[in-house]
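J.: Single-letter residue listing:
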Amino acid sequence: MTQPTEHETETLLRDSLDRLAARAPDGHEVRNALARAAARRPRARLALVGAVAAVVLIAAGVAVGTRLLTSPEDVPAASPGRPVLAWSPGWLPDGFTEQYRESGPGTAPQVRRWSAGPARISLSAYSTSDPEWAQAPMRIAALPDQVVVRGRVGMVTGDVGTAAGLTWMPDDKHVLVAQVSGVPDARNVAERVADSVIARAAGIRGELHFGPLPAGLHELSTIVQGTSPGDATTEQRAADPARPSIPALRAEIVANPPGVGEAVAVRGTSGSYLAGEGTVVVRLPSGRWLAVSGQLPKDVLVAVADGIVLDAAPDYRWVGSS
Amino acid sequence: MGFDEFVADRLDGLLRYATVLTDDPHLAQDIVQDVLLRAQQRWTKIEAPATYVRRMVTNEYLSWRRRAVRRMIPSSHEMLDALGPATADPATAYDERDAMLARLATLPRKQRAAIVLRYYENYTDDEIAAVLRCGASTVRSQISRALATLRAAAAPRPVLTTGAPE
Numbered sequence: 371m372t373q374p375t376e377h378e379t380e381t382l383l384r385d386s387l388d389r390l391a392a393r394a395p396d397g398h399e400v401r402n403a404l405a406r407a408a409a410r411r412p413r414a415r416l417a418l419v420g421a422v423a424a425v426v427l428i429a430a431g432v433a434v435g436t437r438l439l440t441s442p443e444d445v446p447a448a449s450p451g452r453p454v455l456a457w458s459p460g461w462l463p464d465g466f467t468e469q470y471r472e473s474g475p476g477t478a479p480q481v482r483r484w485s486a487g488p489a490r491i492s493l494s495a496y497s498t499s500d501p502e503w504a505q506a507p508m509r510i511a512a513l514p515d516q517v518v519v520r521g522r523v524g525m526v527t528g529d530v531g532t533a534a535g536l537t538w539m540p541d542d543k544h545v546l547v548a549q550v551s552g553v554p555d556a557r558n559v560a561e562r563v564a565d566s567v568i569a570r571a572a573g574i575r576g577e578l579h580f581g582p583l584p585a586g587l588h589e590l591s592t593i594v595q596g597t598s599p600g601d602a603t604t605e606q607r608a609a610d611p612a613r614p615s616i617p618a619l620r621a622e623i624v625a626n627p628p629g630v631g632e633a634v635a636v637r638g639t640s641g642s643y644l645a646g647e648g649t650v651v652v653r654l655p656s657g658r659w660l661a662v663s664g665q666l667p668k669d670v671l672v673a674v675a676d677g678i679v680l681d682a683a684p685d686y687r688w689v690g691s692s
Numbered sequence: 003m004g005f006d007e008f009v010a011d012r013l014d015g016l017l018r019y020a021t022v023l024t025d026d027p028h029l030a031q032d033i034v035q036d037v038l039l040r041a042q043q044r045w046t047k048i049e050a051p052a053t054y055v056r057r058m059v060t061n062e063y064l065s066w067r068r069r070a071v072r073r074m075i076p077s078s079h080e081m082l083d084a085l086g087p088a089t090a091d092p093a094t095a096y097d098e099r100d101a102m103l104a105r106l107a108t109l110p111r112k113q114r115a116a117i118v119l120r121y122y123e124n125y126t127d128d129e130i131a132a133v134l135r136c137g138a139s140t141v142r143s144q145i146s147r148a149l150a151t152l153r154a155a156a157a158p159r160p161v162l163t164t165g166a167p168e
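The listed protein sequences correspond, in order, to chains R and F.
So for the first sequence, my numbering puts the first residue at 371; every next one is plus one.
So for the second sequence, my numbering puts the first residue at 3; every next one is plus one.
Do not take every clue at face value.
Only part of the chain R face toward chain F is listed, based on derived beta-carbon distances under 7 Å [as the list claims (entries may be wrong)]:
1) A391
2) R393
3) A394
4) V400
5) A403
6) L404
7) A405
8) A407
9) V526
10) A533
11) P611
12) A612
13) L644
Hints listed in this document are in silico derivations from the structure and should not be mistaken for laboratory results.
All of these numbers come straight from a predicted model, not from anything done at the bench.
Cβ atoms here follow ideal geometry from the backbone N, Cα and C, with glycine treated the same way.
Bound-form chain R, shown alone (with noise of 0.2 Å):
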């Protein structure tokens, strides 16, 4: 096999580029955002007007934050322990260790993933009701690099030696994938890998869980990942149904506070609002930091922080592990 030459190497590339180009978002979300934020710098204006106008304003905001937000029966209750995944690896390759779980109620992705250096190695689990897998088996079928994997078929794609993604479905209505990159001979360990898997699920628990949420979104996931149980984080996604891949908004526990701002009331204490990041943050009593994050009005994110509901007694014992 002979190297491809420069103009066919070029010609390649341009055509991948183009296929790339055509899976950008169509402008939707941005546009809204441009909106928002729009609408809203009048009334920063007008705010230096004078400290009752501020008052009043500050007040009006904050009803109308909170007539955004759903009622706490509309939401999910806190429920740590959630499953995340169904299924366990049997096997991974020596030094992998376990740094990201993810989870979230319904037909959401459910994903987890081991670490070496750069290194890595996902399980993610989708259900066929989500319709963007409910075709995984006429796809599978479809395409001409197939595999067995515990008596069924399933496909490897993106296959360059040092990265592979397997596909398959253990049972008629999951779909598991199993991504490998920088890992020599990627493919075959993608193979042993999904080889071993096994109906053991794992459970995830974090430090916080979304109160009421803004009118119009849902809870998306819970993401905890770190490298060792010290340093583990926990992040909260709400994301709009028509939109389910796209984080509408986020909460997270974080050891250091992404930065300072203009002073916000906040679950009863003195807060910080970063206007640049939509980012609303306050210590917590543990002495860690909540910060809710997302493009929207600064009064809905405080309502946001004001509602978390925070867990005392996380699972970070696995963070790190391997």
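With chain R's structure known, arrange chain F on it following the hints.
T.: Only chain F this time, still in chain R's reference frame:
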């Protein structure tokens, strides 16, 4: 050109550029949105908006450290997108482009940015140098090294037809 007119005219192109640059539509959207929100606040002071915004998007990509480590790359969507109809030749073409995109993902960010500006935006060396804030010779060197990496990693492999016995 006013800000609204600029957005109406250029947003889709910016999102495509950012998607090609980042290899992640969601990250691309975040970056473009952040850049435009900042540009919106000081629009009247920006002399060459198109150049300014594109440079800002590129800079955000090159310096995107904090959010990059927080983000899970959505391989599932790419995997689905990689699948073509059940015909032999198109599937093979899809595999080659998918493999090329995987190799592109291994490049250092600055090399990737130079490649994208050259082969997607069709910029000249000088134009790329202006965006990346470096010399034209550095641009040529970055592109040369990137192409060498992409060519060296391109090892054609045989494609098995579905159901065909070996």
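J.: Compare the structure with each hint and give your call.
T.: Now the hints, each set against the structure:
1. A391: Hint on A391 (chain R): holds, closest Cβ of chain F at ~4 Å, below 7 Å.
2. R393: holds, 5 Å
3. A394: Because about 4 Å separates A394 (chain R) from the closest Cβ in chain F, which is inside the 7 Å limit, the hint holds.
4. V400: Since chain F brings a Cβ to about 5 Å from V400 (chain R), closer than 7 Å, the hint holds.
5. A403: It holds, given that the least Cβ distance between A403 (chain R) and chain F is near 5 Å, below 7 Å.
6. L404: holds, 6 Å
7. A405: violated, 9 Å
8. A407: holds, 5 Å
9. V526: Cβ of V526 (chain R) sits 10 Å from chain F, so the hint is violated.
10. A533: Where the cut-off is 7 Å and the nearest Cβ of chain F is about 6 Å from A533 (chain R), the hint holds.
11. P611: violated, 16 Å
12. A612: For A612 (chain R), the interface hint is violated, since the closest Cβ of chain F sits about 15 Å away, which is over 7 Å.
13. L644: Since the shortest Cβ distance to chain F is 12 Å, the answer is violated.
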